[in-house]
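Below, each chain spelled out in residue letters.
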Amino acid sequence: MLNRRTALLSGLAMPALLRTASAQSDGPIRIGMTQPLTGAVAASGNYVANGAKIAVEVLNRAGGVMGRPLELILEDNKSNPREAVAAAEKLVLRDRVPVLIGAWSSTFTLSIMPKLLEYRVPMVVETSSAERITTSGNPWVFRIAPTSAMEAAAFRELLGKFDPPIRRIDFLSVNNDFGRGATEKFSAALGGAGIAIGRSETMTPEATDLSAQLTALKQSDGDTVFLTTGVEQQTLMLRQAVEQRLGKRIVTTGGSFPDALLANPLPPGNASFHILFYAPWFPERAPYPQIAETYTAEWNRKGWEFAGLTEGFRGYDAVLTVAEAIRLAGRAEGEAIREALWRVDIHGVNGDIRFVKEGPAGRESGQNRPNVSIIRLAEGRTSLL
Amino acid sequence: MSAVPGWCFVAAMAALPLVLPDLYLLSVLTSAGIFIIGAISLNLLLGYTGQLSLGHAAFFGLGAYASALASLGFDIGIGFGLRLTLPPQPVWIGFLAAIAVAGGFGWLLGRLAFRVRGAYFVIITICFAQVLRMVALNWVELTQGPMALIGLSPFSLWLPGQGVVELYAKNQTYWLVLGVAVLCFLVVRQIVHSRVGRALVALRENETLARSVGIRVTHYLVIATVVSAGIAGAAGSLFAHNVRIVDPDVFLFIYTVTMVIMVITGGKGTLWGPVVGGLIFGLLPDLLRGAAPPEAQWIAYGVAMILLVMFLPRGIVPAIAALMPARRPGRGATASPVSQEAP
Amino acid sequence: MDQALQHLVNGTVLGGTYALLGIGLTLIFGVMRVVNFTHGELYAFGAYMVYALVSLLGINFYLSLLLAALLGAALGAAIELLLLRPLRRADIDSVMLVMIGAALVLQNAEMWGWGGVAKLVPSPFAGTPLVVGPISVMPLRIFVLLVACALLLGFWLLLDRTRAGTAMRATFQDAEAAALMGVRVGWVNTATFAIGSGLAAAAGALLGPVFMVSPTMGDLVGLKAFAIVILGGLGNLPGAAIGGFALGYIEEFGGGYVSTEYRDAFGFLLIILVLAIRPQGLVAPRERVG
Numbered sequence: 001m002l003n004r005r006t007a008l009l010s011g012l013a014m015p016a017l018l019r020t021a022s023a024q025s026d027g028p029i030r031i032g033m034t035q036p037l038t039g040a041v042a043a044s045g046n047y048v049a050n051g052a053k054i055a056v057e058v059l060n061r062a063g064g065v066m067g068r069p070l071e072l073i074l075e076d077n078k079s080n081p082r083e084a085v086a087a088a089e090k091l092v093l094r095d096r097v098p099v100l101i102g103a104w105s106s107t108f109t110l111s112i113m114p115k116l117l118e119y120r121v122p123m124v125v126e127t128s129s130a131e132r133i134t135t136s137g138n139p140w141v142f143r144i145a146p147t148s149a150m151e152a153a154a155f156r157e158l159l160g161k162f163d164p165p166i167r168r169i170d171f172l173s174v175n176n177d178f179g180r181g182a183t184e185k186f187s188a189a190l191g192g193a194g195i196a197i198g199r200s201e202t203m204t205p206e207a208t209d210l211s212a213q214l215t216a217l218k219q220s221d222g223d224t225v226f227l228t229t230g231v232e233q234q235t236l237m238l239r240q241a242v243e244q245r246l247g248k249r250i251v252t253t254g255g256s257f258p259d260a261l262l263a264n265p266l267p268p269g270n271a272s273f274h275i276l277f278y279a280p281w282f283p284e285r286a287p288y289p290q291i292a293e294t295y296t297a298e299w300n301r302k303g304w305e306f307a308g309l310t311e312g313f314r315g316y317d318a319v320l321t322v323a324e325a326i327r328l329a330g331r332a333e334g335e336a337i338r339e340a341l342w343r344v345d346i347h348g349v350n351g352d353i354r355f356v357k358e359g360p361a362g363r364e365s366g367q368n369r370p371n372v373s374i375i376r377l378a379e380g381r382t383s384l385l
Numbered sequence: 001m002s003a004v005p006g007w008c009f010v011a012a013m014a015a016l017p018l019v020l021p022d023l024y025l026l027s028v029l030t031s032a033g034i035f036i037i038g039a040i041s042l043n044l045l046l047g048y049t050g051q052l053s054l055g056h057a058a059f060f061g062l063g064a065y066a067s068a069l070a071s072l073g074f075d076i077g078i079g080f081g082l083r084l085t086l087p088p089q090p091v092w093i094g095f096l097a098a099i100a101v102a103g104g105f106g107w108l109l110g111r112l113a114f115r116v117r118g119a120y121f122v123i124i125t126i127c128f129a130q131v132l133r134m135v136a137l138n139w140v141e142l143t144q145g146p147m148a149l150i151g152l153s154p155f156s157l158w159l160p161g162q163g164v165v166e167l168y169a170k171n172q173t174y175w176l177v178l179g180v181a182v183l184c185f186l187v188v189r190q191i192v193h194s195r196v197g198r199a200l201v202a203l204r205e206n207e208t209l210a211r212s213v214g215i216r217v218t219h220y221l222v223i224a225t226v227v228s229a230g231i232a233g234a235a236g237s238l239f240a241h242n243v244r245i246v247d248p249d250v251f252l253f254i255y256t257v258t259m260v261i262m263v264i265t266g267g268k269g270t271l272w273g274p275v276v277g278g279l280i281f282g283l284l285p286d287l288l289r290g291a292a293p294p295e296a297q298w299i300a301y302g303v304a305m306i307l308l309v310m311f312l313p314r315g316i317v318p319a320i321a322a323l324m325p326a327r328r329p330g331r332g333a334t335a336s337p338v339s340q341e342a343p
Numbered sequence: 001m002d003q004a005l006q007h008l009v010n011g012t013v014l015g016g017t018y019a020l021l022g023i024g025l026t027l028i029f030g031v032m033r034v035v036n037f038t039h040g041e042l043y044a045f046g047a048y049m050v051y052a053l054v055s056l057l058g059i060n061f062y063l064s065l066l067l068a069a070l071l072g073a074a075l076g077a078a079i080e081l082l083l084l085r086p087l088r089r090a091d092i093d094s095v096m097l098v099m100i101g102a103a104l105v106l107q108n109a110e111m112w113g114w115g116g117v118a119k120l121v122p123s124p125f126a127g128t129p130l131v132v133g134p135i136s137v138m139p140l141r142i143f144v145l146l147v148a149c150a151l152l153l154g155f156w157l158l159l160d161r162t163r164a165g166t167a168m169r170a171t172f173q174d175a176e177a178a179a180l181m182g183v184r185v186g187w188v189n190t191a192t193f194a195i196g197s198g199l200a201a202a203a204g205a206l207l208g209p210v211f212m213v214s215p216t217m218g219d220l221v222g223l224k225a226f227a228i229v230i231l232g233g234l235g236n237l238p239g240a241a242i243g244g245f246a247l248g249y250i251e252e253f254g255g256g257y258v259s260t261e262y263r264d265a266f267g268f269l270l271i272i273l274v275l276a277i278r279p280q281g282l283v284a285p286r287e288r289v290g
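Protein sequence lines, in the order shown, are assigned to chains A, B and C. Sequential numbering from 1 applies to the first sequence in UniProt numbering. Sequential numbering from 1 applies to the second sequence in UniProt numbering. Sequential numbering from 1 applies to the third sequence in UniProt numbering.
Take these hints with a grain of salt, some might be off.
Straight-line Cα separation of at most 27 Å, BS3-like style, residue types lysine-lysine; simulated pairs [to be verified]:
no. : chain 1 : residue 1 : chain 2 : residue 2
1   : A       : Lys248    : C       : Lys119
2   : C       : Lys119    : A       : Lys302
3   : A       : Lys302    : A       : Lys161
4   : A       : Lys302    : A       : Lys218
5   : A       : Lys248    : A       : Lys218
Here are a few chain A residues that face chain B, going by a calculated C-beta distance under 7 Å [what the hints assert, rightly or not]:
no. : residue
6   : Leu117
7   : Asn176
8   : Gly192
If you are wondering where the hints come from, they were derived from the structure by calculation, not from laboratory data. We treat Cβ as the ideally placed atom computed from N, Cα and C, and that holds for glycine.
Start from the sequences and build out the full structure, keeping to the hints where you can.
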């Protein structure tokens, strides 16, 4: 055993201390997860956390990993980057988890990333879309969520499904990484497909009255507006678009769905389109129907909100990924799990999960290629496009 | 109180990483320490000048941004085709820049806000922080807006014999924050015991009287604001390089409220008040982690704030000092907080 | 031009509720010298009450609006009796700190009790807009504007034509003199805080169904209410109404023609300018500063 005092004083020896501590126990294998369970984006964070919980249950029922059960340790990051760092440090330093899942928003994930290098713990990123996460040269990051560029590229393949076709587009985006990133990547991808790019408007995440933005968008001669923001602003925008007679097709990006419009639909004649990574109404149309159906059935058995399924799968797939990496590594230890993550090749709710290298050579991060589907919502009913 | 207990406390805190090598505890204490520095600076305004400045997160955030931008470097257009470029600087230059920028804005806010008092002053300080948050959100070329400044380097120090070393290890950062906190404490104590401090207390107690005996009220208030802002800027710089990300939310009102609660709880207008309050409210969120949801914690903080103002308006430190047997008979209760307090 | 007309209509609708918020806040400051940090939370409270009454209990929409405003007034009266009455002799800063504490409690209780998911409140109005030439507006928004104007008018009548209003105005001008003349200042304060809070809750109840109801909806609105009363001058009642409409137009036209990104910043920038140039507010120099 190391002399603790010298280890601490030298600072450099610290990872060694951590490694000995985290590798020893033979109880359950701990998986650390941080999500926004409270605060501004808590709704989505709880959905993802719920998805992870049922994945752990399903895996444990099947005997766990290497004969040991999994234990999910969930830490709230309170929708705040400072708390995201505190939560990650608590998970790594106090609970000694060998692997993390997190942290929903790109900002929270980015704030945790230096700590991954510091403590040598890999993290599976389940939601964040910012390009920088996998291109900044952090070899401890493995993302199963699609970047905006991937989402845009996948959407481009489905352009032919729109009738009348999309010819000229405008953007309304929330003023953050997520919104600005989507505007940039969709402009690039669709501009390359010969579609004209019109106006680009933004809104603050707290904004409720979008009349100024909508009035401005109405002046554009585009036929389609790409809307990138959280569920609440999606709902607000779709409702206010009717009021301002926007008269354009609206496509939401990012994989979330304004479920409030199922119970309180827009007036007849107003349809909207939503890019989703999992469409819970049609589990049989998922790439691996059996996995999707297990996930959906478990979720419904808990009586959780149906709409949460569209985001909860991220947590479910992340836990499947981590469990497989631990199995491949043969031990619950950070460096070994990181190595093993490169060898993961499994079926998830969204489809195949395996990582390709991104970022500067020698320090690549892992990135998974996702599947997307487009849902049409009209009069409270959904259909797959 | 003599200086001995104070230095004993500092020595105990400094020895902590050696005695109790718990990395998590150190990381919690480090971030608590950063907010204690913020609270110490706020106390100079809140406690000694009696001005309820509710825009303190503005200085904290300015420090964080100044330090982060100086260490990352920037290249922005400033109109007329001109560009302002700064190559990346060492972190200690960022630290000094943080103090300078925050202090400069402190001067600006002081000139602007001290033309009014009471409710107007409070609202102008709140709005000041709000405007800065909007600027940080929207001046994307400089601040990266909501995408936040990331990839900040950790603090580095020049150590004799070793050259410049980066402070990655928890215990090193902890000692750095402790050192800066002690320094800030001493600066504030020096000011409080100086002519400036006496003038500030005089005008806190009775502004009209202070004016009538020829104290240049605004002058002293601006000095206090500049120093207070500078220290808050230093705290912001430590924050930036400890968390290693800066986003516009550092300007949020809730950060100011956190510092206000620390000062009020410990005892405004006492030197040790912000330290005691800062330790309590810096450690509580992590002690209660998992035990109570953050909403319940904030409700408890709100209730604590109400009860303290109503029933213990001078805070914990004076209350404990009053309980202790009077060391110097004849002063104790009637002395002003300034003369009571010295480490 | 069509765009300008549409902005004008939108700004007017927005301004009506801003005016309600501003009047409540400035009334409380004028009569009681209290900077009410709970104002935004009472706004959110009103919205949640409408949600609870309409969506959970299935009570009639219009009755729910009335009840939500009354419940807001009751909550305001409770805050006054519990927190402010014992502090009547305290300095303005202590009172502000207590109100910040109360705001923390209310906001987090809302978050804890209702969860983070925003709620939609159904209204009996048609979901399709009324269209007049180039302008379109939802019937619900017209209803909100009408009710806001009716409340403003009713409030003015209350102050101008009733005994309670006279007592309030007397306290507004000089609390000590009013007390000497036999006005029971304690009850005037309770009534004032209740009315101010009721107006905030009414604004929330009216806007809840227009937008969505979420626990953080009060934050920005609370800060904007400060902007409104500073524009009109703290404690200046007509000023607050004008300030409310002014902020509505500034945000709408600023957002439409200058920058949607800075839309929410215009109000705060304006406050700094107003306070730097003309601290007593733009409308009328009635309040002594400092």
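Given hint Lys218(A) paired with Lys248(A) - CA-CA distance at most 27 Å: Since the Cα atoms of Lys248(A) and Lys218(A) sit roughly 8 Å apart, the hinted pair holds (cutoff 27 Å).
Taken at face value, is the distance from the CA of Lys218(A) to the CA of Lys302(A) at most 27 Å? 43 Å, violated
Against the 27 Å threshold, does the CA-CA distance of Lys248(A) and Lys119(C) hold or violate the hint? 26 Å, holds
When the nearest CB of chain B is found for Asn176(A), is that gap smaller than 7 Å? 4 Å, holds
For the hint on Leu117(A), just tell me whether its beta-carbon gets within less than 7 Å of chain B. Violated. Min distance 9 Å.
At a threshold of 7 Å, is the proposed contact between Gly192(A) and chain B supported by beta-carbon distances? With a minimum Cβ separation of about 24 Å from chain B (threshold 7 Å), the hint on Gly192(A) is violated.
Restraint check for Lys302(A) with Lys161(A), where alpha carbons must lie at most 27 Å apart: Answer violated: Lys302(A) to Lys161(A) is near 35 Å, above 27 Å.
With a cut-off of 27 Å on the C-alpha distance, tell me whether Lys119(C) and Lys302(A) pass. Holds, because 22 Å separates the two Cα atoms, which is no more than 27 Å.
In this structure, the hints that do not hold are numbers 3, 4, 6 and 8, in rising order.
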